Amino acid sequence: MQDMKAVSAENLVKTYDNGRVRALDGLSLDVDEGTVLGVLGPNGAGKTTTVRVLTTLLKPDSGSAKVAGIDVLKDPDEVRKIIGLSGQYAAVDETLTGWDNLIMFGRLYHLSNKQAQQRATELLEQFSLTERAKSPIRTYSGGMRRRLDLAASLVVKPKVLFLDEPTTGLDPRGRQDMWGVIDELVKGGVTLLLTTQYLEEADQLADEIAVIDHGKVIARGTSDSLKKQVGGERLEIIVENQHLSAAREIVAKVSSSALAVDEGMRRVSAPVTTGSKALIEAAKLLDDQGIHPLDIGLKRPSLDDVFLSLTGHVAEEEKIEDESGNKRKGKRGKRSE
Amino acid sequence: MSLATREKESGVNGVSKLANSISDSVVITKRQIMQLTRVPEVLIFSTIQPVMFVLLFRYVFGGSIDTGQPGGYVQLLMPGIFVQTVAFTLAGTAVGLAADMQKGLIDRFRSLPIARSAVVFGRTLGDAALNIVVLLVMGIAGFIVGWRPSSGVVKVSLGFIFLFVFGYAMSWIGVLIGLSVREERVAQNLTFIAVFPLTFLSNAFAPTTGMPKVLQYFAEWNPVSTMVAGCRELFGLKNQFGATAGSFPSEHPLAMSIIYMILIMLIFIPLSIKKYNNTSK
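Those protein sequence lines, which keep their order, are chains E and U. Start counting the first sequence at 0; every next residue gets the next number (numbering that gives the first Met the number 0). Start counting the second sequence at 0; every next residue gets the next number (numbering that gives the first Met the number 0).
What the hints contain is simulated information worked out from the structure, not anything from laboratory work. In this text, all values refer to a predicted model and were calculated from it rather than measured experimentally. Among the hints, a few may not be true.
[As the list claims (entries may be wrong)] No more than 30 Å apart at the CA atoms, straight line, and that leaves these computed lysine-lysine pairs for DSS-like:
1) U/K237 with E/K58
2) E/K58 with U/K16
3) E/K156 with U/K16
4) E/K58 with U/K154
5) U/K16 with E/K73
6) E/K156 with U/K29
7) U/K212 with E/K156
8) U/K102 with E/K113
9) E/K215 with U/K102
10) E/K73 with U/K102
11) U/K237 with E/K73
12) E/K58 with E/K215
13) E/K113 with U/K16
14) E/K58 with U/K212
15) U/K16 with U/K102
16) U/K274 with E/K113
17) E/K133 with U/K102
18) U/K154 with E/K73
19) U/K273 with E/K133
20) E/K73 with E/K252
[What the hints assert, rightly or not] A few chain U residues that face chain E, going by a derived Cβ cut-off under 7 Å, partial list only:
21) Q34
22) V41
23) M51
24) L104
25) L111
26) P112
27) A114
28) R147
29) R181
30) E183
31) R184
32) Q187
The beta carbon of each residue, even a glycine, is placed where N, CA and C say it ideally should be.
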């Protein structure tokens with residue numbers, strides 16, 4: 000009992016179409032009490048299927064899962080009492096108001112009328128929705144709708160909260176708001192399993208990250224340890240187009256590892272072990288050839304890099320935002336080995 | 000306060016479990032009634048359509064069909080339209096559940112610690128409640144255009160109860176369809192295609208004696224026909240729109256209708272609840 004995991008799943012398998020599609024292919028993961036696990040993976044990796052199994056919505060073909068020590072398959076009713084679910088596929092009634100919805104869910108958790116009203120008032124306040132409490136949800140913005148959805152999963156304080164892609168489809172502002180709200184919850188000590196296809200979302204919110212692909216966990220660890228797996232620092236040089244091949248030779252001299260060239264970004268990069276020494280050396284070599292780089296520096300790998308090196312394919316193709324807020328394409332750089 | 004500890008404190012036993020599942024269903028029904036007040040169009044269109052049918056049939060066909068009975072076509076027509084309308088409860092239920100399914104609301108409900116039957120029971124009760132309003136409005140519309148049931152208050156009330164229960168039974172077929180197709184549009188088209196012919200291949204609007212032989216047999220055994228014939232009896236009319244062969248459904252439409260209703264519920268209630276439990280997007 001003492002060492003109980005908040006969530007543990009072992010060897011989950013779920014197939015569709017007579018086994019042709021393996022949504023879950025022996026997936027195992029666990030979450031310690033009071034921590035946040037970010038389940039990171041591209042569309043179709045099995046994130047939602049995992050959440051659906053853990054929240055009793057879907058029976059796996061094989062494997063076992065426990066939430067707070069309760070067997071999800073044998074005792075789903077008990078599990079439902081201690082979990083909260085919100086996200087992509089769990090919804091609220093859009094024709095009703097935010098207030099009506101929270102009262103309805105409160106009543107379904109068998110709160111008294113008075114308790115339900117009290118809780119609805121608290122939650123609306125907590126999620127800054129008090130002003131719109133009496134408007135139908137279909138008039139809410141995307142961000143407000145997600146916040147109300149999240150509030151609905153917290154009507155009775157859950158032991159474990161599952162958030163399935165909580166910010167997918169939100170604009171940057173809505174995403175920031177949602178992160179703030181989730182951060183508050185985490186500070187309050189909730190155990191959280193969060194799925195996301197946004198690398199920086201996992202980086203920002205999760206204590207640990209499980210990277211999944213094709214229905215399996217392919218890497219697990221803190222954001223820092225995952226970054227270390229990819230290698231430490233990278234030397235990155237951006238030059239004018241005509242100097243690209245020269246820069247490439249220089250980087251090859253400084254680094255003994257595989258280097259990457261992104262022609263679109265006019266960037267050459269490679270892992271280095273000698274830190275600033277490599278940087279100075281590269282700068283000197285560039286200077287010797289009279290090349291003035293547009294940018295040169297040491298970069299710690301992003302989760303983007305982690306994903307690419309773990310799976311060999313890019314995490315997503317759509318535009319994402321990096322920490323500095325600059326628009327850029329999802330990592331699509333050509334790798335040269 | 001967690002739910003588990005609260006339930007421990009209150010000591011959950013069989014009785015309070017049943018009480019909980021009833022209260023869960025009531026919450027779901029209330030949600031649906033609340034929807035009707037928030038989106039009044041639903042209620043308006045659910046009543047306008049049958050009233051429109053009353054007016055169209057009464058004044059378009061009524062003049063050209065000679066029934067040979069006192070009071071004319073409208074007396075035979077009204078039971079037909081009543082039955083057609085409650086038969087379409089199937090569509091309402093299917094579309095409503097498919098929409099909830101599509102939006103993910105069913106998933107949310109299924110992740111809650113509520114009775115496994117609460118959502119579908121609540122839904123059918125909500126649709127039944129809507130039927131009370133619809134039947135009332137249609138009754139008034141019928142009265143205005145000359146419908147005069149002659150059997151007295153008790154039998155007329157019995158007729159309405161009969162219609163109400165038939166609508167409720169049909170609603171359970173809708174549950175299974177709605178949970179199976181999962182998409183609002185598909186549910187809409189599918190139920191229309193299924194129910195519309197069912198209501199017309201019957202004695203509801205015209206004598207079945209004019210139909211090809213095969214269709215006559217179908218119409219004779221069609222639950223819509225037995226319901227219509229049963230209601231005509233209860234409203235004080237001799238049912239002459241299709242009492243063709245002296246078969247059991249033609250001779251005993253009330254008994255046959257009751258058998259149909261019981262059969263439908265016996266089959267579709269367990270199937271629907273099972274479907275709800277195993278459903279997943």
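Notebook entry, point to check: Failing hints, ascending?
Noted result: Of the numbered hints given earlier, those the structure breaks are 1, 4, 7, 11, 14, 16, 18, 19, 20, 22, 23, 27, 28, 29, 30, 31, 32, listed in rising order.
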